[in-house]
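Trainee: Letter by letter, the chains look like this.
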Amino acid sequence: MTITTSHAPRRRRQLSQLIFRGATLLALVLVLVPAVWIVIGIVSRALPHWSFSVLVNTSAHGGLQNAIAGSLLLMFGVALIAGTIGLGAGIYLSEMSGSSRRARRLDGVLRTATEVLSGVPSIVLGFVGYVALVIALHWGYSLLPALIILSMMVVPYMAKSTENSLRQVPTNYREGADALGMSTGYALRHVVIRSALPGITTGLLVALAIAGGETAPVLFTAGWTDSMPSLALTGHAVPYLTYPVWAYYNQPSDQLRYLSYDSALILLVIVISLLVTSRIIVARTQRHADTRH
Amino acid sequence: MTTLETAATPHATPGSPRGVAAVRERLRKSETTLWRRGTLIAAVLPFVGLLFTIIVIAIKGWPAILVNGTSFFTGSSWNPGSTYGASTTVHGVAVPVGASYGAWPLILGTVESSAIALILAIPISLGAALALTERLPRIVSRPVGFAVELLAGIPSVLFGLWGIVTLGPLLAQHVYPPIANLMPDLPVFRFFKAPTGQGQGLLTSGIVLAVMIIPIVTATSVELFRQVPPLNQEGARALGMTDAEVTRSVTVPWVRNGIIGASVLGLGRALGETIAIAMISGAILGHTAATIYSPMTTIAATIVSQLDSSFTDATGFATATLAEAALVLAIISVGVNLIARLIVHRGGKLSAPVGRG
Amino acid sequence: MKQPRVKSPRTLRFAAPAVIVAAALGLAACGSSSSTSSTTTTSGSSTNASLAVVAPPTSSVALSETGSSLLFPLFGSWGTAYTQTYPNITLSTASTGSGVGISDALKGAANLGASDAYLSPAQVQATPTARNIPLAISSQFVGYNIPGVTAHLKLSGSVIASIYEGKITNWNNSAITSLNPGVKLPNLPIVTLHRSDGSGDTFLFSQFLSATNPNTWAKTVPYGTTVAWPNATGALGETGNSGMVSGCAATPGCIAYIGISYLAKAELAHIGEAALKNSSGKFILPTPATMTAAANSFASTTPKTGTLSMINTSAPGGYPIINYEYAIVLSQQPNATTAQAVRSVLSWIISPSHGNSQTYLAPVNFIPLPSATAQASANQIAQIK
Numbered sequence: 001m002t003i004t005t006s007h008a009p010r011r012r013r014q015l016s017q018l019i020f021r022g023a024t025l026l027a028l029v030l031v032l033v034p035a036v037w038i039v040i041g042i043v044s045r046a047l048p049h050w051s052f053s054v055l056v057n058t059s060a061h062g063g064l065q066n067a068i069a070g071s072l073l074l075m076f077g078v079a080l081i082a083g084t085i086g087l088g089a090g091i092y093l094s095e096m097s098g099s100s101r102r103a104r105r106l107d108g109v110l111r112t113a114t115e116v117l118s119g120v121p122s123i124v125l126g127f128v129g130y131v132a133l134v135i136a137l138h139w140g141y142s143l144l145p146a147l148i149i150l151s152m153m154v155v156p157y158m159a160k161s162t163e164n165s166l167r168q169v170p171t172n173y174r175e176g177a178d179a180l181g182m183s184t185g186y187a188l189r190h191v192v193i194r195s196a197l198p199g200i201t202t203g204l205l206v207a208l209a210i211a212g213g214e215t216a217p218v219l220f221t222a223g224w225t226d227s228m229p230s231l232a233l234t235g236h237a238v239p240y241l242t243y244p245v246w247a248y249y250n251q252p253s254d255q256l257r258y259l260s261y262d263s264a265l266i267l268l269v270i271v272i273s274l275l276v277t278s279r280i281i282v283a284r285t286q287r288h289a290d291t292r293h
Numbered sequence: 001m002t003t004l005e006t007a008a009t010p011h012a013t014p015g016s017p018r019g020v021a022a023v024r025e026r027l028r029k030s031e032t033t034l035w036r037r038g039t040l041i042a043a044v045l046p047f048v049g050l051l052f053t054i055i056v057i058a059i060k061g062w063p064a065i066l067v068n069g070t071s072f073f074t075g076s077s078w079n080p081g082s083t084y085g086a087s088t089t090v091h092g093v094a095v096p097v098g099a100s101y102g103a104w105p106l107i108l109g110t111v112e113s114s115a116i117a118l119i120l121a122i123p124i125s126l127g128a129a130l131a132l133t134e135r136l137p138r139i140v141s142r143p144v145g146f147a148v149e150l151l152a153g154i155p156s157v158l159f160g161l162w163g164i165v166t167l168g169p170l171l172a173q174h175v176y177p178p179i180a181n182l183m184p185d186l187p188v189f190r191f192f193k194a195p196t197g198q199g200q201g202l203l204t205s206g207i208v209l210a211v212m213i214i215p216i217v218t219a220t221s222v223e224l225f226r227q228v229p230p231l232n233q234e235g236a237r238a239l240g241m242t243d244a245e246v247t248r249s250v251t252v253p254w255v256r257n258g259i260i261g262a263s264v265l266g267l268g269r270a271l272g273e274t275i276a277i278a279m280i281s282g283a284i285l286g287h288t289a290a291t292i293y294s295p296m297t298t299i300a301a302t303i304v305s306q307l308d309s310s311f312t313d314a315t316g317f318a319t320a321t322l323a324e325a326a327l328v329l330a331i332i333s334v335g336v337n338l339i340a341r342l343i344v345h346r347g348g349k350l351s352a353p354v355g356r357g
Numbered sequence: 001m002k003q004p005r006v007k008s009p010r011t012l013r014f015a016a017p018a019v020i021v022a023a024a025l026g027l028a029a030c031g032s033s034s035s036t037s038s039t040t041t042t043s044g045s046s047t048n049a050s051l052a053v054v055a056p057p058t059s060s061v062a063l064s065e066t067g068s069s070l071l072f073p074l075f076g077s078w079g080t081a082y083t084q085t086y087p088n089i090t091l092s093t094a095s096t097g098s099g100v101g102i103s104d105a106l107k108g109a110a111n112l113g114a115s116d117a118y119l120s121p122a123q124v125q126a127t128p129t130a131r132n133i134p135l136a137i138s139s140q141f142v143g144y145n146i147p148g149v150t151a152h153l154k155l156s157g158s159v160i161a162s163i164y165e166g167k168i169t170n171w172n173n174s175a176i177t178s179l180n181p182g183v184k185l186p187n188l189p190i191v192t193l194h195r196s197d198g199s200g201d202t203f204l205f206s207q208f209l210s211a212t213n214p215n216t217w218a219k220t221v222p223y224g225t226t227v228a229w230p231n232a233t234g235a236l237g238e239t240g241n242s243g244m245v246s247g248c249a250a251t252p253g254c255i256a257y258i259g260i261s262y263l264a265k266a267e268l269a270h271i272g273e274a275a276l277k278n279s280s281g282k283f284i285l286p287t288p289a290t291m292t293a294a295a296n297s298f299a300s301t302t303p304k305t306g307t308l309s310m311i312n313t314s315a316p317g318g319y320p321i322i323n324y325e326y327a328i329v330l331s332q333q334p335n336a337t338t339a340q341a342v343r344s345v346l347s348w349i350i351s352p353s354h355g356n357s358q359t360y361l362a363p364v365n366f367i368p369l370p371s372a373t374a375q376a377s378a379n380q381i382a383q384i385k
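Quick mapping for you: the protein sequence lines, in order, are chains A, B and C.
According to my numbering, the stretch in the first sequence is residues 1 to 293, in order.
According to my numbering, the stretch in the second sequence is residues 1 to 357, in order.
According to my numbering, the stretch in the third sequence is residues 1 to 385, in order.
If you are wondering where the hints come from, they were derived from the structure by calculation, not from laboratory data.
None of the values given here were measured: they were computed from a predicted structure.
Any given hint could be a false lead.
[Stated by the list, open to error] Not everything, but these chain B residues come out facing chain C in the computed CB check (under 7 Å):
#1 Gly75
#2 Ser77
#3 Pro80
#4 Phe311
[As the list claims (entries may be wrong)] Here are the computed lysine to any residue pairs in the SDA-like style, where the Cα-Cα straight-line distance is at most 25 Å:
#5 C/Lys107 <-> A/Ala60
#6 C/Lys219 <-> B/Ser76
#7 B/Lys29 <-> A/Ala179
#8 B/Lys29 <-> A/Asp178
#9 A/Lys160 <-> B/Phe146
#10 C/Lys219 <-> B/Lys29
#11 A/Lys160 <-> B/Arg256
[As the list claims (entries may be wrong)] Covered by chain B, per the in silico footprint, the following chain A stretches (three or more residues, Cβ under 8 Å):
#12 41-55
#13 67-77
#14 200-208
#15 266-279
Even for Gly, the Cβ is constructed at its ideal location relative to N, Cα and C.
Work the whole structure out from these sequences, hints included.
Mentor: Structure follows, in structure tokens:
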């Protein structure tokens with residue numbers, strides 16, 4: 001038998017619980033709606049004027065082939081450069097931190113520098129790339145300045161996600177590797193990194209999505225060209241998919257505006273593919289992880 | 001030496017290799033050193049890049065800092081001067097006659113749009129994070145989780161496109177007029193009562209920025225809420241508290257610092273946003289937004305839209321001023337970012353090492 | 001160094017009659033490569049370059065053009081027609097504003113920068129290989145959106161300056177109604193539109209306001225592609241000429257300066273066209289006849305560099321805002337093939353039977369170059385290596 005007191009407090013609590021539930025559900029809806037809206041908005045504007053010739057013509061002939069090739073080239077270059085550097089930095093911060101006070105201070109400085117770099121706005125990096133690399137060093141709008149600046153943006157993120165993934169690997173693994181007499185490199189490659197690989201790969205895929213979606217820094221380092229990108233490091237401008245969206249959305253020519261929407265659509269497809277791939281990787285490793293010890 | 005490096009050292013006098021085992025040991029030591037050195041170089045590179053950035057914008061912006069002085073932060077007029085006329089020298093810097101740059105509207109625009117974004121995004125992100133950490137059915141949590149990741153990954157130029165083509169006109173025609181009409185005609189509220197224009201302006205920019213920072217605040221908050229010890233929450237439930245009360249009394253206080261930190265992280269993102277704002281802010285130079293619907297500009301948007309044509313000023317002063325603006329923006333963003341991480345790391349251990357020791 | 005002064009009416013008044021006769025003679029000798037005796041400014045060089053179209057190189061070349069939104073529609077049709085004749089040369093065009101056109105051309109980021117504004121002395125000094133080559137003559141009109149007013153309003157430079165200074169704020173202000181006695185102007189606040197990007201149209205408009213207001217506007221607002229606009233309530237910034245048209249169409253009470261190539265679009269959007277007061281006191285609309293009258297008054301004084309402001313002509317029937325459309329080019333191109341392609345495109349454009357023919361100019365309301373200026377342009381083109 002429950003001791004009944006006044007109903008008012010209970011009703012007030014039930015009401016506040018109801019409001020709380022409603023508010024959190026509303027918040028969920030407010031997060032879903034923009035995501036769905038943006039996707040639908042872009043798809044609905046791009047599809048009516050879409051033709052697959054956009055994939056085989058360069059922008060000089062009304063297509064986007066050069067922009068797609070350029071974006072893929074940039075993403076590949078960033079994966080190579082920032083992936084390697086970010087991986088190395090992550091390994092250092094996680095595995096190689098020294099125990100002496102001087103070493104710990106050095107690590108602190110390096111870690112803070114990486115944090116600070118991740119906070120620098122992309123337009124500032126673009127400005128630096130433009131003024132120092134494109135103009136002062138006379139490289140012109142080209143691949144190398146774009147890769148350097150994009151890597152500067154992506155490395156802090158890669159380093160942090162690599163470090164986090166490596167820290168998740170149990171220490172037992174490292175001790176076991178050492179007990180078996182493995183050298184540092186061998187242990188790193190075949191034991192530690194292999195265990196952390198899903199997390200590192202996910203980090204890399206997200207980094208690629210960031211790099212492929214940037215406009216401001218690439219605008220001032222890669223420039224733009226209507227022909228297919230060349231592999232030349234300097235001297236030749238590189239096209240990329242975010243440019244038509246930014247530059248053509250308000251042009252007086254209808255054809256250019258359609259190109260802008262088509263570019264947006266292709267960008268969306270690339271981002272969603274990267275996201276889905278990383279989700280698949282995570283899901284697959286969860287499955288494997290469940291069967292471990 | 002780390003666990004990877006400890007190895008049984010052969011008992012040999014230093015300098016005299018004793019047999020194959022000693023040679024192998026020496027090779028292993030140098031291989032370890034190679035890895036140490038290599039990864040150290042990789043870890044130092046961000047530091048080098050940061051230094052490079054600071055040096056370049058400081059050098060490029062120094063002439064403008066000299067000439068613009070403190071009026072850069074208080075003045076409003078963005079005056080390139082007589083670019084077709086003679087140039088004069090101020091403080092030893094060649095400058096077109098009459099050139100004077102005041103970045104107050106830029107700074108105010110940056111602050112205002114970010115403030116609106118925070119006010120809108122924080123409640124939504126917290127609410128969504130709370131909902132996501134409840135035991136919601138998969139059919140709800142999966143799509144929402146994906147939506148958050150999608151919003152995080154969508155390029156900012158697509159947000160700008162959406163803002164200017166879809167959201168802006170819709171808001172200007174259907175949402176702003178009712179709001180403006182509801183406002184009383186009193187001095188304080190005149191900021192909200194105005195002709196609503198085309199949808200390009202402060203409020204639209206704030207709304208789009210809010211959508212852009214929701215992912216980072218939500219993701220960080222989810223991580224924070226997951227760290228609240230379940231025992232505390234279950235104990236509260238056992239006492240008969242409703243979910244609302246559990247959240248208010250147990251969950252939120254536990255990670256209060258972390259939430260502040262997450263919000264400040266979102267603020268850092270909003271401050272540096274460039275392209276989306278350049279597209280939807282109306283890009284008006286020279287005065288601040290008179291009403292919440294007026295066009296305005298931010299530091300980042302100004303740099304991206306003025307950088308190319310700043311070269312028509314052959315003295316280089318316009319470009320130097322943009323470098324100074326970039327320096328100001330970098331200092332603000334980095335400062336906010338550092339404060340955020342300080343708060344988050346102090347409040348709740350975000351990246352708690354799991355497998356260590 | 002003296003800046004090129006906007007020509008005041010008085011200095012040209014005496015030269016005008018002689019110049020008109022000489023220019024007419026020059027125009028009659030259209031197409032001939034020998035210079036006539038009147039063109040004293042171009043005979044500085046011992047031999048004049050041929051006006052024939054230069055053949056492009058045989059290899060494939062991709063050229064890039066960027067800049068003036070006023071010239072953009074025309075450059076697009078020029079590019080399409082040129083590529084049809086010479087398929088191995090592609091020309092990509094973009095409408096980014098004269099400011100970007102000048103900067104990108106000077107930096108070498110684009111082969112051709114299109115600009116309504118000539119280079120400033122400081123720019124020429126900083127980049128000695130830069131040239132501004134006249135391609136055609138264009139113009140600018142002042143548009144307005146006043147519901148119910150379909151007539152051509154008569155406006156003067158001083159009235160417009162007061163409007164942009166924020167001193168005249170309503171369309172029924174006495175200054176405007178006194179100029180337009182037959183028109184019923186409503187009680188409607190004026191919304192001034194200006195270009196927020198680096199714009200040749202801003203250059204022309206601000207030069208016009210400076211020329212017509214030497215003691216007020218000229219003293220406070222130096223002309224240029226970017227200008228510090230005085231604070232007028234409700235002033236809006238737009239990007240590109242298309243932004244000016246769409247912005248004005250959406251804003252009742254607006255006044256805007258728009259390039260003549262957008263006249264048809266503006267009329268479709270019910271934007272009115274003002275008759276501007278020229279230095280003779282007449283209110284003139286921009287038509288090929290009035291533009292030609294103004295151009296003729298400047299033809300013989302155009303220097304061989306092409307740098308000349310044609311604002312506020314002294315010709316009685318001339319429209320006060322006309323200008324040379326310039327290609328900003330570096331005389332030192334990266335390689336000989338590119339240089340030849342650039343020379344080919346530019347010579348095709350200035351040729352009266354190709355780019356400078358009515359087929360291309362009439363749809364955008366431009367007029368062709370006077371033959372003396374065409375010769376000067378050909379001479380500059382021949383210097384591109």
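Trainee: If a hint holds in the structure, say so; if it does not, say that too.
Mentor: Hint check results:
no.: 1; hint: Gly75; verdict: violated, 11 Å
no.: 2; hint: Ser77; verdict: holds, 6 Å
no.: 3; hint: Pro80; verdict: holds, 5 Å
no.: 4; hint: Phe311; verdict: holds, 4 Å
no.: 5; hint: C/Lys107 <-> A/Ala60; verdict: holds, 22 Å
no.: 6; hint: C/Lys219 <-> B/Ser76; verdict: holds, 20 Å
no.: 7; hint: B/Lys29 <-> A/Ala179; verdict: holds, 16 Å
no.: 8; hint: B/Lys29 <-> A/Asp178; verdict: holds, 13 Å
no.: 9; hint: A/Lys160 <-> B/Phe146; verdict: holds, 22 Å
no.: 10; hint: C/Lys219 <-> B/Lys29; verdict: violated, 77 Å
no.: 11; hint: A/Lys160 <-> B/Arg256; verdict: holds, 24 Å
no.: 12; hint: 41-55; verdict: holds (count 3)
no.: 13; hint: 67-77; verdict: violated (count 0)
no.: 14; hint: 200-208; verdict: violated (count 1)
no.: 15; hint: 266-279; verdict: holds (count 7)
Of the hints listed earlier, those the structure fails to meet are numbers 1, 10, 13, 14, in rising order.
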